[in-house]
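Peer 1: Spelled out, the chains give:
Number of protein chains: 2
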Amino acid sequence: MLEMHCARWHSAAMEETSKFAQEARALLGERGFTCDPDLLEPWLTDWRGRFHGSAIGLASPASTQEVSDFVKLCAKHDVPIVPQGGNSGMSGGATPDKSGASVLLSLRRMNTIRSLDPEAGQTVCEAGVILQNLHEAAEEHRLRFPLTLGGKGSATVGGLISTNAGGTQVLRHGTMRAQVLGIEAVLPDGAVFDGLTALKKDNRGFDLKQLLIGSEGTLGIVTAATLRLLPAIGRRVVIWAGLGSIGDARKLLISFERALPQELEGFEVVPAHCLESVLDHMPDARAPLDGSYPWNALIELVVPDNDDADLREKVEILLAAEIENGLVADAVIAASEKQAEDFWLLRDSIAPAERAIGPAMQHDISVPVPRMPEFVEAAIPEVEKAFPGTRGVAFGHLGDGNVHFHILAPKGAVPGEWEESDGKRISRMVHDLVRAHGGSISAEHGIGQLKRDELGRLGDPVSLSLMRQIKQALDPRGLLNPGKLVPLAPEETSP
Amino acid sequence: MLEMHCARWHSAAMEETSKFAQEARALLGERGFTCDPDLLEPWLTDWRGRFHGSAIGLASPASTQEVSDFVKLCAKHDVPIVPQGGNSGMSGGATPDKSGASVLLSLRRMNTIRSLDPEAGQTVCEAGVILQNLHEAAEEHRLRFPLTLGGKGSATVGGLISTNAGGTQVLRHGTMRAQVLGIEAVLPDGAVFDGLTALKKDNRGFDLKQLLIGSEGTLGIVTAATLRLLPAIGRRVVIWAGLGSIGDARKLLISFERALPQELEGFEVVPAHCLESVLDHMPDARAPLDGSYPWNALIELVVPDNDDADLREKVEILLAAEIENGLVADAVIAASEKQAEDFWLLRDSIAPAERAIGPAMQHDISVPVPRMPEFVEAAIPEVEKAFPGTRGVAFGHLGDGNVHFHILAPKGAVPGEWEESDGKRISRMVHDLVRAHGGSISAEHGIGQLKRDELGRLGDPVSLSLMRQIKQALDPRGLLNPGKLVPLAPEETSP
Numbered sequence: 101m102l103e104m105h106c107a108r109w110h111s112a113a114m115e116e117t118s119k120f121a122q123e124a125r126a127l128l129g130e131r132g133f134t135c136d137p138d139l140l141e142p143w144l145t146d147w148r149g150r151f152h153g154s155a156i157g158l159a160s161p162a163s164t165q166e167v168s169d170f171v172k173l174c175a176k177h178d179v180p181i182v183p184q185g186g187n188s189g190m191s192g193g194a195t196p197d198k199s200g201a202s203v204l205l206s207l208r209r210m211n212t213i214r215s216l217d218p219e220a221g222q223t224v225c226e227a228g229v230i231l232q233n234l235h236e237a238a239e240e241h242r243l244r245f246p247l248t249l250g251g252k253g254s255a256t257v258g259g260l261i262s263t264n265a266g267g268t269q270v271l272r273h274g275t276m277r278a279q280v281l282g283i284e285a286v287l288p289d290g291a292v293f294d295g296l297t298a299l300k301k302d303n304r305g306f307d308l309k310q311l312l313i314g315s316e317g318t319l320g321i322v323t324a325a326t327l328r329l330l331p332a333i334g335r336r337v338v339i340w341a342g343l344g345s346i347g348d349a350r351k352l353l354i355s356f357e358r359a360l361p362q363e364l365e366g367f368e369v370v371p372a373h374c375l376e377s378v379l380d381h382m383p384d385a386r387a388p389l390d391g392s393y394p395w396n397a398l399i400e401l402v403v404p405d406n407d408d409a410d411l412r413e414k415v416e417i418l419l420a421a422e423i424e425n426g427l428v429a430d431a432v433i434a435a436s437e438k439q440a441e442d443f444w445l446l447r448d449s450i451a452p453a454e455r456a457i458g459p460a461m462q463h464d465i466s467v468p469v470p471r472m473p474e475f476v477e478a479a480i481p482e483v484e485k486a487f488p489g490t491r492g493v494a495f496g497h498l499g500d501g502n503v504h505f506h507i508l509a510p511k512g513a514v515p516g517e518w519e520e521s522d523g524k525r526i527s528r529m530v531h532d533l534v535r536a537h538g539g540s541i542s543a544e545h546g547i548g549q550l551k552r553d554e555l556g557r558l559g560d561p562v563s564l565s566l567m568r569q570i571k572q573a574l575d576p577r578g579l580l581n582p583g584k585l586v587p588l589a590p591e592e593t594s595p
Numbered sequence: 101m102l103e104m105h106c107a108r109w110h111s112a113a114m115e116e117t118s119k120f121a122q123e124a125r126a127l128l129g130e131r132g133f134t135c136d137p138d139l140l141e142p143w144l145t146d147w148r149g150r151f152h153g154s155a156i157g158l159a160s161p162a163s164t165q166e167v168s169d170f171v172k173l174c175a176k177h178d179v180p181i182v183p184q185g186g187n188s189g190m191s192g193g194a195t196p197d198k199s200g201a202s203v204l205l206s207l208r209r210m211n212t213i214r215s216l217d218p219e220a221g222q223t224v225c226e227a228g229v230i231l232q233n234l235h236e237a238a239e240e241h242r243l244r245f246p247l248t249l250g251g252k253g254s255a256t257v258g259g260l261i262s263t264n265a266g267g268t269q270v271l272r273h274g275t276m277r278a279q280v281l282g283i284e285a286v287l288p289d290g291a292v293f294d295g296l297t298a299l300k301k302d303n304r305g306f307d308l309k310q311l312l313i314g315s316e317g318t319l320g321i322v323t324a325a326t327l328r329l330l331p332a333i334g335r336r337v338v339i340w341a342g343l344g345s346i347g348d349a350r351k352l353l354i355s356f357e358r359a360l361p362q363e364l365e366g367f368e369v370v371p372a373h374c375l376e377s378v379l380d381h382m383p384d385a386r387a388p389l390d391g392s393y394p395w396n397a398l399i400e401l402v403v404p405d406n407d408d409a410d411l412r413e414k415v416e417i418l419l420a421a422e423i424e425n426g427l428v429a430d431a432v433i434a435a436s437e438k439q440a441e442d443f444w445l446l447r448d449s450i451a452p453a454e455r456a457i458g459p460a461m462q463h464d465i466s467v468p469v470p471r472m473p474e475f476v477e478a479a480i481p482e483v484e485k486a487f488p489g490t491r492g493v494a495f496g497h498l499g500d501g502n503v504h505f506h507i508l509a510p511k512g513a514v515p516g517e518w519e520e521s522d523g524k525r526i527s528r529m530v531h532d533l534v535r536a537h538g539g540s541i542s543a544e545h546g547i548g549q550l551k552r553d554e555l556g557r558l559g560d561p562v563s564l565s566l567m568r569q570i571k572q573a574l575d576p577r578g579l580l581n582p583g584k585l586v587p588l589a590p591e592e593t594s595p
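Those protein sequence lines, which keep their order, are chains A and B.
Here the first sequence is numbered in our numbering, starting from 101 and rising by one per residue.
Here the second sequence is numbered in our numbering, starting from 101 and rising by one per residue.
Okay, chain A solo, but in the shape it has when bound:
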């Protein structure tokens, strides 16, 4: 196989590459390194199909030591490395560029849960452990890992850390950053940073772990992490509420945060248009409320034990009071776990339902939580006015100040064409509006290659300069995930 696939290089430069591939194969073995195009192919395109690249080969080391040795080999041969976990990222951060000069480094074979200490509420996982498997391992001990998201069947611990992933439980438990107690990573020179020991208090200088979290593989390759586990959920109380405005949704959020700060786990908003799209898309689905309301809130609260009587009573009192004083138009508490699941299914079906309607530009944005209603109410009409026929919808994690802000194409827009013409202009306008409201153009999906140039255009110059200084200091030859996350300096040109 190696001869067949890896020895096709002929020119002098290619001879060097061939030599690298042979050494990689010798180092990692047959399972650990391949140049077979058929084996490489699935990993050269991001799962949404927006980016396609090329690579010398695919390395799949089985241990931290192998990652370290392989990174040293790459450094010796000046071969750039693109680390990859589950390949379910949203911003093309794990897809190589088209040059074919880099090598893919998959962490998927490093999928051991090294330890799980139920008493301490901690687990040490290798980078390739899939989120779903981590959930199941925790459940065996009546614990839970308090982060989940749509791609849990493929997303890996390493990828979640490198992108500081979010999800639907951030309101209560924070992003991936808040779950990470320790990190092991291989640095650009192959050295192993061993920060796995979980110390609750440790003031021995710069918190290097924090620098690696969310750095999208540009500073180091996460090989393992110590993660926190929480007691499993006993029962949950799920509410669907009809509201007159997104401002009222924010007021209801504050009301829940005040009354039940420990129990509140999720607060999602769904505008009327999104609910209608979902009901059109799924003929079997039913609207939770009889009437139709401009905005809906999906609220989840949990208790650690099986006794939710007290929580239900408190929720009923709170909702009755908010209906009485006119904040909530109507509301229903899921009567069963089945009904709770149905409510969440409505929420989770928005993206596919909107996609069925036609092309849309999707934006993962955040603004300070208090400013979200004002932002949504100002930005949607502004975009709709500038691009007649479009329709703006905002839905999702109101409690985190993070909505998915979609602009649907006018009727008759040609898919593929529209995104490249008006679509791009719309995204720039949305990002400009986000910046004007003090927000972020990437709330939870990261920058990758998708938003790198927009970050360069809109990012604070002081922050960008700091990022470039750090990248240059830690990876002076630019071997780790080149072209991702860190915008080039103004004087540099895009590759």
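Heads up, none of these hints are tricks.
Which copy is meant is left open, so a pair is good if it fits within one copy or across any two.
Dumping the calculated SDA-like pairs for lysine to any residue here, alpha-carbon to alpha-carbon at most 20 Å:
#: 1; residue 1: K351; residue 2: P218
#: 2; residue 1: K252; residue 2: H235
#: 3; residue 1: K414; residue 2: V403
#: 4; residue 1: K351; residue 2: L330
#: 5; residue 1: K172; residue 2: Q569
#: 6; residue 1: K485; residue 2: D532
#: 7; residue 1: K252; residue 2: L330
#: 8; residue 1: K414; residue 2: P331
#: 9; residue 1: K351; residue 2: P331
#: 10; residue 1: K176; residue 2: Q122
#: 11; residue 1: K351; residue 2: D217
#: 12; residue 1: K252; residue 2: G149
#: 13; residue 1: K511; residue 2: G489
Worth flagging that the hints you see were computed from the coordinates, not collected in a lab.
Model, not experiment: these values are computed from the prediction.
Chain A is fixed; fit chain B onto it per the hints.
Peer 2: Relative to the frame of chain A, chain B by itself:
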């Protein structure tokens, strides 16, 4: 004044310094810059009196813009800067060296609470805001800032951030890092990093805020921060329990963490020797329990409202069960707020009581929480054996894996002499033992100048190298707080 104090330099090098002082005075005005030795003197020694330095002058800018302009002036004249908050640090991190070449930069005049949003639970404070004042500002809105410590009357927000301060509420609320939602800082070139906007989700690259927290002023000067506020405490339940061993204390901690995870705020351990020292030291103090036990636990739980009946009942049931099964020897719940305060006074008096006995080497150390009992039980006899006549005591934040580990001098040891001879050897031994148990030689007090060389001796070489690379990248001329925190590379010599 300027002429009197700042114009005494005669040599050529001193002329340059004089020129710097004159420009600083012109920039910051009479209140903003002084070379008056009487005004400088109180700030040239750390509050514990262990370090004494010298400085060109004392700058006290009143705004972020003034800090920025002043840092640029220092860069122009190559004058190193020692930032200082309340000067109540434990590691000499805010005390200049003896060369007299650097300038003190006090943030104390920047003491404005720029905003406080009770609805969002956020406040924007300037670096010089004193912790006590922040507590009071929060209380006015029935909120609280969930971090407190002994020096709250002098410690400033900027200093707390720069040292990632801990305190007695870390178990439930985390260190200062967990309270910081945003940061404004002046970088070594005078540029202002504006990261004050609090976004719950923001994945636009490296989290630069995290890098600045705990960096002890070596990478930037924190000028303001956005901090989180929580609902005020309604009632607290405070318990004193007698236990047979520190292992039992850990078991009781787990029991409370399981049963009352939301309510548990503090879990401190006090060995018999410490309690006896306190009772000897304070004739009016009473032991909470009739009997004497090898170990005591001081436990605090809180509820946000005024109804603690339910919590008290749960605590009583838990304690009764643990007495029944032999884990707890005896326990008492404070019957009044006065009694709760008395219990805490016993805990807070350990340090002064031990000091009254004689010299001691104090160590602020942490190990993984599960390993703390094993560490204490192994390390104390080992040190006592190696240094006959000494006595080891460990007390404090068991819930954080952080104890104050004091080795008391043998009777007859000469204060001042003992610390410099056996004392230093003892500290090295303690630090070696901490490292062998996977712990940290600085849990919450930071490194400063006190532990810099020990960090260099014991720190992980990969981490130290990363720290040096980052320091070199962000402050290539080494103008920010030189000689603190970052150990010199092996080939460099101590200044």
